[in-house]
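Enquirer: Letter by letter, the chains look like this.
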Amino acid sequence: MKRVLHDPVTGGDPLAAGIARVVAVAAEYADAVDREGRFPHEAVQALREEGLFGAMVPVSLGGHGATLAELAGQTQQLARVCASTAMVYAMHHSQLACIVGHGLDQPWHRAFAERIASEQLLLASITSEVGIGGDTRSSLCAVEVADGRLTLVKQAPTVSYGAYADAFLVTARAHADAVASEQVMVTIPREQAEMEPTGSWDALGMRGTCSIGFTFRAEGVPEQVLPASFAEISAEVMVPVSHLLWSAAWTGIAVEALSRARQFLRAQARRSRGVVPPGAARLVRASGEIDGLRARLAPLIAQFDACSPLVDGAPAMSAEEAHWPTGMACGAALNMLKLDVSETCYDVVMEAMRICGMAGYKNGSEFSIGRHLRDIISAQLMINNDRIAATTGQLLLAQRTDLGTI
Amino acid sequence: MERTLRAILDDVGGLARPADSLSTRDDLFVAGLTSFATVGVMLAIEDEFDVAFPDALLVRSTFVSIDALSAAITSIRDEARAA
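Residue numbers (the UniProt record's numbering), protein chains in the order written: chain A, 1 to 406; chain B, 1 to 83.
No wet-lab data here; the hints were simulated from the structure. Quick reminder that beta carbons are idealized off the backbone N, C-alpha and C, glycines included. Worth double-checking, as some hints may not be accurate.
To be verified - Covered stretches of chain A (in silico footprint by chain B; criterion: 3 or more residues with CB under 8 Å from a CB of chain B, positions within the stretch not fixed): (1) 177 to 185; (2) 311 to 322.
Stated by the list, open to error - Simulated restraints, written as ranges between beta carbons of each label pair: (3) A:Pro227 to B:Ala56: 20 to 28 Å; (4) B:Ala56 to A:Ala280: 56 to 64 Å; (5) B:Pro18 to A:Pro197: 37 to 45 Å; (6) A:Ala163 to B:Thr24: 48 to 56 Å.
Next comes chain B alone, as it looks inside the complex:
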């Protein structure tokens, strides 16, 4: 999951440096992610992981780090399984 997320961030995140140079806890906004670019990241994740972000997750904290993105994807999948 982490490798795909890094590829997505390189592709559409508009970061100031390669995603491989970041730890999974680093603040992506400090690395150059803009709120505008988060939509591109979200759409790419939906495509790659076949998930659908609910509106409640469309907040800054969801996109703040690779760990936060992984946690969001996991929680969406868990929700879907429980439903």
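With the rest of the complex left out, here is chain A:
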């Protein structure tokens, strides 16, 4: 049977009960995680217990074979209660996607995918590097192979939840003589790594992601290098999955802030019957913005699911059949999505803050928007929007298809 385009469903039925329990746990500890700037241990433990770190692993390897639509729905639900937990979940799956999309034909990675599902391993990404700025498509460090052993040393300025992850996907130059852009991706379980923390994480928002720097030293076997080039892995899997799941997380933050604002307006309306609260006009505008983002995000997720190599079961459509953009058009579409979602969600949260006024500005009330505002600012900074805008401008001017035609 051929795969069909479908609407994203929230959570996916088999996992709905599990995610609901994780959401409850994450909600209980979200303020403490934020206040103390600590890892969301309780919610992550709940994700493990529900088997959700194996959500994207194929059923035949012990996972749930979840679609990106399902993962996006789960990420959005988590983000409504604890953005840090949602980002951990999104980043874990962006890395797992690289293994599922490009590693399952290789015995080492196939066995490792099974381990991820059975042991509920949490994956982190080490793409940034001291000396290259935020350009994930360049590396200074290189994989060295001698006598059948692989070694790798990387100075990483930011590794989200690096201290708590069970395995790392690390980018590096393919060999000692490779240029900066000739990269590979290597899977390193924690037991093979030596990690020396550098710096600390006392950030404005996303305080539970604990994104500190590390000097990372690893030793393994050459089979731990994913068989495709990182250029391919990045374009086909990592960038689409990470941008779509991040967008799900960011819209979750904005939806929650706006729901609080609506509650606030409702309470105001109850107090003065027959008078429309002055903030209602802002609610209308902000709801429209969120609807616009959903209309943007849902088809991209469905198209990706229809043609990606990640989805378990029915064979994939071609990218063309699924209307999934390829080549430069794909990079441009995802970059523009990231720019728009990160900025619009910030605007929406700020509108919610204006609606709630002092009740939103204060911490500890049912109308508090402070944590949401601090969390959503990160969206514009993680892979800085200015950098993305420059790249995207370049990609767009290369294309000839009319912009915005239906």
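On the provided structure of chain A, position chain B as indicated by the hints.
Expert: Then chain B, alone, in the frame of chain A:
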């Protein structure tokens, strides 16, 4: 065609070594071409050869080697003649 392509690659390709040191089959991405720089290469080729790249050719494989670039230019010209 090949000589012009090499000149363009030296000019805007941002390669780690001179284009003359590469064979026409060598992987340009291994030689340091980035996806960002491919746009500059494309625009320069359009100028020099008076061709227009359709969106379908804006993929990595079009820019992977001097041979691939030559083939792309030839196919665009053939398309144009057939039209």
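Enquirer: Please go over all the hints and tell whether each is borne out by the structure.
Expert: To see whether the hints hold, each was checked on the structure:
no., hint, verdict
1, 177 to 185, "holds (count 5)"
2, 311 to 322, "violated (count 0)"
3, A:Pro227 to B:Ala56: 20 to 28 Å, "27 Å, holds"
4, B:Ala56 to A:Ala280: 56 to 64 Å, "48 Å, violated"
5, B:Pro18 to A:Pro197: 37 to 45 Å, "43 Å, holds"
6, A:Ala163 to B:Thr24: 48 to 56 Å, "49 Å, holds"
In this structure, the earlier hints numbered 2, 4 are contradicted, and the remaining ones agree with it.
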